[in-house]
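So the chains spell out like this:
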Amino acid sequence: MTAAHTAVPLLEARALSFLRQDEPVFAPLDFQLHAGELALVEGDNGSGKTTLLRILAGLLHVGEGELNWRGKPLQRDNCVGEILFLGHQLGLKADLSPRENLQIATGLSGCRDGTSVISVLGEIGLSGYEDEPVRRLSAGQKKRAALARLLLLPATLWLLDEPYANLDRTGIALVNQLLKTHTTAGGAALVTSHGAVSFHGGEPRHIRMHA
Amino acid sequence: MSHPGLLTACAAMLRRDLKLAWRRRGDIAMPVLYALIVTMLFPFALGPEDTLLQRIAGGVVLVTVLLAMLLALDAMFSSDIEDGSLEQLVLAPQPLALMLGMKILAHWLTTALPLIVIAPLLAAMLHLPGAVIPVLLLALLLATPLLSLLGSVLVALTAGTRRSGMLLALMLLPLCVPAVIFAAGAVARADRLARCRTGACRGAGAVGLRSCPSYCSGRLTTHHV
Chain A
14 MTAAHTAVPL LEARALSFLR QDEPVFAPLD FQLHAGELAL VEGDNGSGKT TLLRILAGLL
74 HVGEGELNWR GKPLQRDNCV GEILFLGHQL GLKADLSPRE NLQIATGLSG CRDGTSVISV
134 LGEIGLSGYE DEPVRRLSAG QKKRAALARL LLLPATLWLL DEPYANLDRT GIALVNQLLK
194 THTTAGGAAL VTSHGAVSFH GGEPRHIRMH A
Chain B
3 MSHPGLLTAC AAMLRRDLKL AWRRRGDIAM PVLYALIVTM LFPFALGPED TLLQRIAGGV
63 VLVTVLLAML LALDAMFSSD IEDGSLEQLV LAPQPLALML GMKILAHWLT TALPLIVIAP
123 LLAAMLHLPG AVIPVLLLAL LLATPLLSLL GSVLVALTAG TRRSGMLLAL MLLPLCVPAV
183 IFAAGAVARA DRLARCRTGA CRGAGAVGLR SCPSYCSGRL TTHHV
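Same order as they appear, the protein sequences are chains A and B. Here the first sequence is numbered in my numbering, starting from 14 and rising by one per residue. Here the second sequence is numbered in my numbering, starting from 3 and rising by one per residue.
One chain only, chain A, in its complex shape (with noise of 0.2 Å):
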């Protein structure tokens, strides 16, 4: 760990703030995130949380202050393919099936070596639902076939958006389990919460948000 603090930082903000009809929707804020490390996000309802995950995807400007990716700037081009964000609404089509949006997913942005649309399903504990329309699945269900693209996809920086609603209490641990594997292997995350979150090891970095 140690080493890795003195190399550049994944992911860098200075006085990043976004502004919403010339208000700013949070203060300003400063922090770094290294490759293996986790960050909670953390803050009132309203605070910002969503906002500030949309803007280090990309899908929102910058307001004020700086954002950089591995020492630069952040931009499309420096990091495509490199972030993978899991929002609110999950990016799946209700009437294909978990497996047919998975394999849409390694169609536009690959597959981790050794990984296969299936064995991840199982690994999500989605067996026996690979063929059923996303529409007739449980809410718990759709997010597990959501988060079965952390597990298919390639990426070094993960932008989890309320991860863990929904979930029952292996989901729950499956996440945690998932976030453990992916910092151990070097990929850094950032989650946002409002239940009390357990994280396999080690102590998260913190993130406040005010409005």
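Distance condition first, Cα-Cα at most 16 Å in a straight line; then the derived EDC-like pairs of lysine to aspartate or glutamate:
#1 A/155 with A/145
#2 A/155 with A/181
#3 B/21 with A/144
#4 A/155 with A/143
#5 A/155 with B/85
#6 A/193 with A/216
#7 A/155 with A/175
#8 A/155 with A/144
#9 A/85 with A/95
#10 A/155 with A/136
#11 B/21 with A/145
#12 B/21 with A/108
Each pair of labels, with its calculated beta carbon distance range:
#13 B/211 with A/86: 32 to 38 Å
#14 A/216 with B/29: 48 to 54 Å
#15 B/183 with A/77: 47 to 53 Å
Among chain B residues calculated to face chain A with C-beta under 8 Å, some are:
#16 5
#17 6
#18 10
#19 18
#20 21
#21 22
#22 26
#23 86
#24 87
#25 89
#26 90
#27 92
#28 93
#29 95
#30 96
These aren't lab readings, by the way, just hints derived from the structure by calculation. Because the structure is a prediction, the values reported are computed rather than measured. Even for Gly, the Cβ is constructed at its ideal location relative to N, Cα and C.
Once you have looked at the hints, place chain B on chain A.
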């Protein structure tokens, strides 16, 4: 780690949209039925007089196909905006304009192509002479992609607004006038002159093909993601 090539991604995108359309094939049938019913109304309204119907047949089929396409147009991007697929598409390594281009192509294949397939039937219902039908089909083949492309721009503009369907119709129909004039002119002459008119239509289509998907991608990323 290398990303899948553009061709793989385009194929995945096209396959996805075609599959989605097939799962909801009732929606594909809707514009086709609409076009059939509208065309059927003309002989009832104007009387079964052959010469009159023959004279208006080309124009009627063109306008009917245009209106039928409008029915399905506002669904082009809306479901992707609602379920978050658009976000994933924006974050995918491929250029968004290309992916949206694939969506527009899939949309054309699932709404315009069935209408072109039944166009000879529509024409026959209005007693259009058989010799003119190939020209009509050619005019439709050139005009409908243009409508899909123009439509995509307006769908991107109006997506997310309430009652976007009505607004879309009000904005798109005036823009369709040139395409309708060219296509109707070609059908009316059905001779050598048609070739240069359809050529103009094709030129406009090429311009649209280059600019419309990029416009959509810009508009959708700034306002709806």
